[in-house]
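Chemist: Just need the whole structure built from these sequences, with the hints factored in.
Numbering-wise, the sequence shown is residues 0 to 280 according to numbering that gives the first Met the number 0.
Bear in mind the hints are in silico, worked out from the structure with no lab data behind them.
Be a bit skeptical, because a hint or two may be false.
[What the hints assert, rightly or not] Derived lysine to aspartate or glutamate pairs resembling DMTMM-like cross-links, with alpha carbons at most 20 Å apart:
1) K109 to D34
2) K27 to D54
3) K213 to E242
4) K27 to E8
5) K27 to E96
6) K109 to D54
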Amino acid sequence: MRIRSTKPEFWKSRRIANVSWDARLVLKGLESYVDDNGVGVDDIELIVTDVFPRDMFANPRETIARVSEAITELFHAGLVHRYEAAGDKLLYISWWESIQRIDKPGKGRKPRPDGTMDYKQSEIRESVARPPDSVAPGTGEQRNRGTEEQSAVVPLRNYVSEREVQLSQRAAIHSGANIVNAFNDHIPETLPSKTRQDLTAHVTVAIQDGIAEKHIRRGIELWYAKAMGPGALPGFIFEAQKEANGGGSAIRTRQATGTERAMTGLELAAQLAEEERNGKI
0 MRIRSTKPEF WKSRRIANVS WDARLVLKGL ESYVDDNGVG VDDIELIVTD VFPRDMFANP
60 RETIARVSEA ITELFHAGLV HRYEAAGDKL LYISWWESIQ RIDKPGKGRK PRPDGTMDYK
120 QSEIRESVAR PPDSVAPGTG EQRNRGTEEQ SAVVPLRNYV SEREVQLSQR AAIHSGANIV
180 NAFNDHIPET LPSKTRQDLT AHVTVAIQDG IAEKHIRRGI ELWYAKAMGP GALPGFIFEA
240 QKEANGGGSA IRTRQATGTE RAMTGLELAA QLAEEERNGK I
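Modeler: Spelled out as C-alpha coordinates, the structure:
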(Lines of atoms letter the chains of each structure in order from A and count residues from 1; the text may use other names and numbers.)
(Lines give C-alpha, C1' and ligand atoms only; values in the text may rest on other atoms or scores of the structure.)
Protein backbone atom coordinates (compact mmCIF):
# COMPACT_ATOMS: atom_id res chain seq x y z
CA MET A 1 0.00 0.00 0.00
CA ARG A 2 1.26 3.46 -0.93
CA ILE A 3 0.55 7.05 0.13
CA ARG A 4 -1.56 8.82 -2.50
CA SER A 5 -3.15 12.24 -2.89
CA THR A 6 -6.68 13.25 -3.81
CA LYS A 7 -7.36 16.37 -5.86
CA PRO A 8 -10.26 18.57 -4.66
CA GLU A 9 -11.84 18.20 -8.10
CA PHE A 10 -12.40 14.51 -7.36
CA TRP A 11 -15.37 15.42 -5.17
CA LYS A 12 -16.96 17.52 -7.94
CA SER A 13 -16.47 15.03 -10.75
CA ARG A 14 -19.68 14.02 -12.49
CA ARG A 15 -18.26 10.65 -13.41
CA ILE A 16 -17.38 9.96 -9.78
CA ALA A 17 -20.84 11.12 -8.72
CA ASN A 18 -22.35 8.57 -11.11
CA VAL A 19 -20.91 5.58 -9.25
CA SER A 20 -21.96 4.27 -5.85
CA TRP A 21 -20.33 5.32 -2.59
CA ASP A 22 -18.90 1.81 -2.29
CA ALA A 23 -17.26 2.21 -5.68
CA ARG A 24 -15.79 5.60 -4.74
CA LEU A 25 -14.22 4.21 -1.57
CA VAL A 26 -12.87 1.16 -3.38
CA LEU A 27 -11.39 3.41 -6.08
CA LYS A 28 -9.44 5.38 -3.48
CA GLY A 29 -8.29 2.11 -1.97
CA LEU A 30 -7.17 0.83 -5.37
CA GLU A 31 -5.10 3.99 -5.87
CA SER A 32 -3.03 2.97 -2.84
CA TYR A 33 -3.06 -0.70 -3.87
CA VAL A 34 -1.61 -0.27 -7.38
CA ASP A 35 2.06 0.47 -8.07
CA ASP A 36 3.48 3.87 -9.02
CA ASN A 37 2.46 3.25 -12.62
CA GLY A 38 -1.21 2.62 -11.83
CA VAL A 39 -1.07 -1.16 -12.31
CA GLY A 40 -2.05 -3.86 -9.83
CA VAL A 41 -2.86 -7.56 -9.82
CA ASP A 42 -6.59 -8.09 -10.40
CA ASP A 43 -7.09 -10.60 -7.60
CA ILE A 44 -9.94 -10.05 -5.18
CA GLU A 45 -8.10 -11.89 -2.39
CA LEU A 46 -5.06 -9.63 -2.61
CA ILE A 47 -7.16 -6.48 -2.95
CA VAL A 48 -9.43 -7.03 0.05
CA THR A 49 -6.52 -8.25 2.19
CA ASP A 50 -4.52 -5.10 1.48
CA VAL A 51 -7.30 -2.51 1.35
CA PHE A 52 -9.90 -3.79 3.83
CA PRO A 53 -8.09 -6.12 6.28
CA ARG A 54 -10.29 -5.34 9.28
CA ASP A 55 -13.49 -5.73 7.28
CA MET A 56 -12.23 -9.08 6.01
CA PHE A 57 -11.69 -10.21 9.58
CA ALA A 58 -15.11 -9.00 10.73
CA ASN A 59 -17.23 -10.06 7.73
CA PRO A 60 -15.28 -11.72 4.90
CA ARG A 61 -18.26 -12.76 2.76
CA GLU A 62 -19.87 -9.33 2.65
CA THR A 63 -16.51 -7.62 2.12
CA ILE A 64 -15.59 -9.81 -0.85
CA ALA A 65 -19.04 -9.39 -2.40
CA ARG A 66 -19.14 -5.60 -2.02
CA VAL A 67 -15.59 -5.00 -3.22
CA SER A 68 -16.05 -7.34 -6.19
CA GLU A 69 -19.23 -5.54 -7.24
CA ALA A 70 -17.58 -2.14 -6.76
CA ILE A 71 -14.64 -3.05 -9.00
CA THR A 72 -17.02 -4.29 -11.69
CA GLU A 73 -18.92 -1.00 -11.41
CA LEU A 74 -15.69 1.01 -11.71
CA PHE A 75 -14.71 -0.99 -14.79
CA HIS A 76 -18.09 -0.43 -16.41
CA ALA A 77 -17.86 3.31 -15.63
CA GLY A 78 -14.51 3.50 -17.41
CA LEU A 79 -12.56 4.29 -14.24
CA VAL A 80 -10.41 1.16 -14.32
CA HIS A 81 -9.13 -1.21 -17.00
CA ARG A 82 -9.27 -4.98 -16.48
CA TYR A 83 -7.05 -7.03 -18.77
CA GLU A 84 -4.54 -9.86 -19.07
CA ALA A 85 -0.83 -9.70 -19.88
CA ALA A 86 1.46 -12.73 -20.08
CA GLY A 87 -1.16 -14.77 -18.23
CA ASP A 88 -1.49 -12.27 -15.38
CA LYS A 89 -4.86 -10.71 -14.56
CA LEU A 90 -4.27 -7.00 -14.05
CA LEU A 91 -6.09 -3.74 -13.48
CA TYR A 92 -5.05 -0.21 -14.37
CA ILE A 93 -6.57 3.03 -13.05
CA SER A 94 -7.66 5.36 -15.84
CA TRP A 95 -5.93 8.77 -16.20
CA TRP A 96 -3.30 7.69 -13.68
CA GLU A 97 -0.67 10.30 -14.51
CA SER A 98 -3.31 13.05 -14.37
CA ILE A 99 -4.67 12.15 -10.94
CA GLN A 100 -1.42 11.13 -9.21
CA ARG A 101 1.78 13.17 -9.38
CA ILE A 102 4.68 10.94 -8.38
CA ASP A 103 8.12 12.58 -8.22
CA LYS A 104 10.20 9.39 -8.00
CA PRO A 105 8.08 6.55 -9.38
CA GLY A 106 9.22 2.98 -8.93
CA LYS A 107 10.13 0.87 -11.93
CA GLY A 108 7.12 -0.79 -13.51
CA ARG A 109 6.88 -4.58 -13.17
CA LYS A 110 3.64 -5.19 -15.02
CA PRO A 111 2.56 -3.61 -18.32
CA ARG A 112 -0.35 -1.25 -18.78
CA PRO A 113 -3.05 -2.24 -21.30
CA ASP A 114 -1.04 -0.51 -24.06
CA GLY A 115 2.16 -2.37 -23.18
CA THR A 116 4.02 0.56 -21.57
CA MET A 117 5.75 -0.06 -18.25
CA ASP A 118 6.83 3.23 -16.71
CA TYR A 119 5.24 6.38 -15.29
CA LYS A 120 4.44 9.09 -17.88
CA GLN A 121 4.90 6.71 -20.84
CA SER A 122 1.23 6.01 -21.40
CA GLU A 123 -1.49 8.08 -23.02
CA ILE A 124 -4.27 5.71 -21.98
CA ARG A 125 -7.47 7.48 -21.09
CA GLU A 126 -10.75 5.62 -20.75
CA SER A 127 -11.41 1.94 -20.26
CA VAL A 128 -12.91 0.00 -23.17
CA ALA A 129 -15.98 -0.58 -21.02
CA ARG A 130 -17.11 2.94 -21.91
CA PRO A 131 -17.69 4.13 -25.50
CA PRO A 132 -15.83 7.37 -26.39
CA ASP A 133 -18.83 9.13 -27.90
CA SER A 134 -20.56 9.35 -24.52
CA VAL A 135 -18.29 12.09 -23.16
CA ALA A 136 -17.54 15.72 -24.02
CA PRO A 137 -14.84 18.32 -23.08
CA GLY A 138 -14.60 19.46 -19.44
CA THR A 139 -12.15 20.86 -16.89
CA GLY A 140 -10.11 19.90 -13.84
CA GLU A 141 -10.55 16.47 -12.28
CA GLN A 142 -13.61 15.96 -14.45
CA ARG A 143 -11.35 16.14 -17.49
CA ASN A 144 -8.65 14.08 -15.77
CA ARG A 145 -11.12 11.35 -14.97
CA GLY A 146 -12.58 11.62 -18.47
CA THR A 147 -15.96 12.79 -17.20
CA GLU A 148 -16.45 15.09 -20.17
CA GLU A 149 -13.34 14.40 -22.22
CA GLN A 150 -13.50 13.00 -25.73
CA SER A 151 -10.51 10.75 -26.19
CA ALA A 152 -9.52 7.64 -28.07
CA VAL A 153 -10.19 4.35 -26.37
CA VAL A 154 -7.19 2.04 -26.32
CA PRO A 155 -8.36 -1.53 -26.99
CA LEU A 156 -7.02 -4.30 -24.80
CA ARG A 157 -4.56 -6.73 -26.30
CA ASN A 158 -6.87 -9.65 -25.68
CA TYR A 159 -9.84 -8.04 -27.42
CA VAL A 160 -12.41 -10.44 -28.86
CA SER A 161 -15.15 -9.68 -31.35
CA GLU A 162 -18.55 -8.43 -30.23
CA ARG A 163 -20.16 -11.54 -31.68
CA GLU A 164 -17.83 -13.80 -29.70
CA VAL A 165 -18.62 -11.85 -26.55
CA GLN A 166 -22.36 -12.17 -27.15
CA LEU A 167 -22.12 -15.92 -27.73
CA SER A 168 -19.96 -16.39 -24.64
CA GLN A 169 -22.31 -14.29 -22.50
CA ARG A 170 -25.39 -16.12 -23.78
CA ALA A 171 -23.85 -19.52 -23.02
CA ALA A 172 -22.84 -18.36 -19.54
CA ILE A 173 -26.32 -16.94 -18.87
CA HIS A 174 -28.02 -20.21 -19.83
CA SER A 175 -25.58 -22.22 -17.72
CA GLY A 176 -26.15 -19.85 -14.82
CA ALA A 177 -29.92 -20.11 -15.17
CA ASN A 178 -29.73 -23.90 -15.25
CA ILE A 179 -27.69 -24.00 -12.04
CA VAL A 180 -30.06 -21.63 -10.23
CA ASN A 181 -33.19 -23.40 -11.50
CA ALA A 182 -31.82 -26.81 -10.52
CA PHE A 183 -31.19 -25.52 -7.00
CA ASN A 184 -34.65 -23.94 -6.87
CA ASP A 185 -36.22 -27.30 -7.78
CA HIS A 186 -34.64 -28.98 -4.76
CA ILE A 187 -35.68 -26.58 -1.99
CA PRO A 188 -39.04 -26.49 -0.17
CA GLU A 189 -40.15 -23.09 -1.43
CA THR A 190 -39.86 -21.37 -4.79
CA LEU A 191 -37.46 -18.44 -4.88
CA PRO A 192 -38.97 -15.16 -6.15
CA SER A 193 -38.33 -14.43 -9.83
CA LYS A 194 -36.24 -11.33 -9.01
CA THR A 195 -34.08 -13.34 -6.61
CA ARG A 196 -33.50 -16.02 -9.26
CA GLN A 197 -32.53 -13.37 -11.79
CA ASP A 198 -30.07 -11.73 -9.39
CA LEU A 199 -28.58 -15.10 -8.45
CA THR A 200 -28.23 -16.01 -12.12
CA ALA A 201 -26.38 -12.74 -12.76
CA HIS A 202 -23.85 -13.53 -10.03
CA VAL A 203 -23.53 -17.17 -11.13
CA THR A 204 -22.96 -16.04 -14.71
CA VAL A 205 -20.07 -13.81 -13.65
CA ALA A 206 -18.62 -16.72 -11.62
CA ILE A 207 -18.83 -18.97 -14.69
CA GLN A 208 -17.05 -16.33 -16.77
CA ASP A 209 -14.39 -16.17 -14.05
CA GLY A 210 -13.73 -19.87 -14.63
CA ILE A 211 -14.97 -20.99 -11.21
CA ALA A 212 -15.86 -24.70 -11.11
CA GLU A 213 -19.58 -25.51 -11.20
CA LYS A 214 -19.34 -27.63 -8.04
CA HIS A 215 -17.99 -24.62 -6.14
CA ILE A 216 -20.77 -22.41 -7.48
CA ARG A 217 -23.42 -24.94 -6.42
CA ARG A 218 -21.85 -25.26 -2.99
CA GLY A 219 -21.73 -21.48 -2.71
CA ILE A 220 -25.46 -21.30 -3.42
CA GLU A 221 -26.09 -23.88 -0.68
CA LEU A 222 -24.06 -21.84 1.81
CA TRP A 223 -25.89 -18.68 0.75
CA TYR A 224 -29.31 -20.32 1.15
CA ALA A 225 -28.45 -21.61 4.63
CA LYS A 226 -27.69 -18.05 5.79
CA ALA A 227 -30.90 -16.55 4.33
CA MET A 228 -29.13 -13.48 2.96
CA GLY A 229 -29.79 -11.32 -0.10
CA PRO A 230 -28.57 -12.36 -3.58
CA GLY A 231 -25.80 -9.75 -3.43
CA ALA A 232 -23.98 -11.87 -0.84
CA LEU A 233 -23.63 -14.87 -3.18
CA PRO A 234 -20.12 -14.03 -4.53
CA GLY A 235 -18.75 -14.16 -1.00
CA PHE A 236 -20.24 -17.61 -0.42
CA ILE A 237 -18.89 -18.91 -3.73
CA PHE A 238 -15.49 -17.67 -2.62
CA GLU A 239 -16.00 -19.45 0.70
CA ALA A 240 -16.89 -22.67 -1.14
CA GLN A 241 -13.65 -22.47 -3.12
CA LYS A 242 -11.62 -22.06 0.07
CA GLU A 243 -13.56 -24.90 1.71
CA ALA A 244 -12.76 -27.22 -1.21
CA ASN A 245 -9.12 -26.18 -1.02
CA GLY A 246 -8.81 -27.14 2.62
CA GLY A 247 -9.24 -23.59 3.86
CA GLY A 248 -6.43 -22.26 1.67
CA SER A 249 -6.57 -19.72 -1.12
CA ALA A 250 -9.44 -19.94 -3.57
CA ILE A 251 -8.36 -21.02 -7.05
CA ARG A 252 -9.71 -19.70 -10.33
CA THR A 253 -8.85 -21.56 -13.53
CA ARG A 254 -9.42 -18.62 -15.84
CA GLN A 255 -10.74 -15.12 -15.35
CA ALA A 256 -12.80 -13.50 -18.08
CA THR A 257 -11.20 -10.71 -20.05
CA GLY A 258 -12.22 -7.10 -19.55
CA THR A 259 -14.32 -7.17 -22.71
CA GLU A 260 -16.10 -10.35 -21.63
CA ARG A 261 -16.94 -8.76 -18.27
CA ALA A 262 -18.27 -5.54 -19.78
CA MET A 263 -21.83 -6.60 -19.03
CA THR A 264 -22.55 -6.04 -15.33
CA GLY A 265 -24.66 -8.25 -13.09
CA LEU A 266 -27.71 -6.04 -13.46
CA GLU A 267 -27.45 -6.15 -17.24
CA LEU A 268 -27.12 -9.91 -17.14
CA ALA A 269 -30.23 -10.10 -15.00
CA ALA A 270 -32.09 -7.85 -17.43
CA GLN A 271 -31.09 -10.04 -20.36
CA LEU A 272 -32.15 -13.13 -18.45
CA ALA A 273 -35.53 -11.58 -17.68
CA GLU A 274 -36.02 -10.77 -21.36
CA GLU A 275 -35.20 -14.34 -22.36
CA GLU A 276 -37.58 -15.68 -19.72
CA ARG A 277 -40.36 -13.49 -21.14
CA ASN A 278 -39.61 -14.82 -24.60
CA GLY A 279 -39.66 -18.41 -23.39
CA LYS A 280 -36.01 -19.08 -24.23
CA ILE A 281 -35.14 -20.33 -20.75
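Chemist: Would the pair K27 and D54 pass a check requiring their Cα atoms to be no farther apart than 20 Å?
Modeler: 16 Å, holds
Chemist: Decide if the proposed pair is consistent with the structure: K27 and E96, CA atoms, cutoff 20 Å inclusive.
Modeler: Holds: K27 and E96 sit about 15 Å apart, inside 20 Å.
Chemist: Would the hint linking K109 and D54 be met if the CA-CA limit is 20 Å?
Modeler: Violated - the C-alpha atoms of D54 and K109 are around 28 Å apart, more than 20 Å.
Chemist: Is it true that the CA of K27 sits at most 20 Å from the CA of E8?
Modeler: Roughly 14 Å separates the two Cα atoms, so the pair holds.
Chemist: Hinted pair, alpha-carbon criterion (20 Å max): K213, E242. Please report holds or violated.
Modeler: 12 Å, holds
Chemist: Holds or violated: are the alpha carbons of K109 and D34 at most 20 Å from each other?
Modeler: 9 Å, holds
Figure legend: structure checked against the earlier numbered hints; the only hint not met is number 6.
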